[in-house]
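K.L.:
Residue strings, one per chain:
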Amino acid sequence: DQQVKQNSPSLSVQEGRISILNCDYTNSMFDYFLWYKKYPAEGPTFLISISSIKDKNEDGRFTVFLNKSAKHLSLHIVPSQPGDSAVYFCAASGTSGTYKYIFGTGTRLKVLA
Amino acid sequence: DTGVSQDPRHKITKRGQNVTFRCDPISEHNRLYWYRQTLGQGPEFLTYFQNEAQLEKSRLLSDRFSAERPKGSFSTLEIQRTEQGDSAMYLCASSSGLARVDEQFFGPGTRLTVL
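Residue numbers (the numbering used here), protein chains in the order written: chain Y, 58 to 170; chain G, 7 to 121.
Among the hints, erroneous ones may be present.
What the hints assert, rightly or not - Straight-line C-alpha distance at most 30 Å; calculated DSBU-like pairs for lysine-lysine:
1. Y:Lys125 - G:Lys63
2. Y:Lys128 - Y:Lys111
3. G:Lys63 - Y:Lys128
It is worth saying that the hints were derived from the structure and are not from the lab.
One chain only, chain Y, in its complex shape:
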């Protein structure tokens, strides 16, 4: 069962516009969420995170929004830049004494110059 879902496998956005990447989860025990970015031939790199006690976290051009009632989070990138073109993974972690992340399947973002 896929506990973390990214239903859009790909997204294309014009440079300078907003990119919105979405993620849904099913496990209400998740209390920490992260976004990772992955370039080809590299490991995932951490981008931004949010605790379940918050509904928004901002870091420069990147903002993550969490809607716990809908079990939904989104990553906003404003303004989008060509260097943002990568695969973005949503990940979640829970309170059951485990430190592992559960990852979504990823969304490939292409920012067009």
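Since chain Y is already given, all that's left is putting chain G on it; use the hints.
P.N.:
Okay, now just chain G, sitting in the frame of chain Y:
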């Protein structure tokens, strides 16, 4: 370079052979994780170490897989009697262990191809 390193970066083997991968975490990171990523999927958790103790294993980790972290430093992941279904990217990550949930830093991965 003080990031997570993995060796080798690529491994091609024949079905039935044994392979071993190495991961060197960021110095002084207490937690070390192994994930596997197949095409079109996100990383899937395999196992986790707190120092030298292996504290959690996924059901994905069949008895052909074994991981060690002697002395709480580098880690090895061995796959015995490889099968074509083992072909994947094997990712190692480490974290400081200073918080219940802390940022995991990933290495570049080892791409395994089983012929």
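K.L.:
State for each hint whether it applies.
P.N.:
Hint by hint, here is what the structure shows:
no.: 1; hint: Y:Lys125 - G:Lys63; result: 29 Å, holds
no.: 2; hint: Y:Lys128 - Y:Lys111; result: 13 Å, holds
no.: 3; hint: G:Lys63 - Y:Lys128; result: 27 Å, holds
Consistency with the previously given hints is maintained throughout, with no hint failing.
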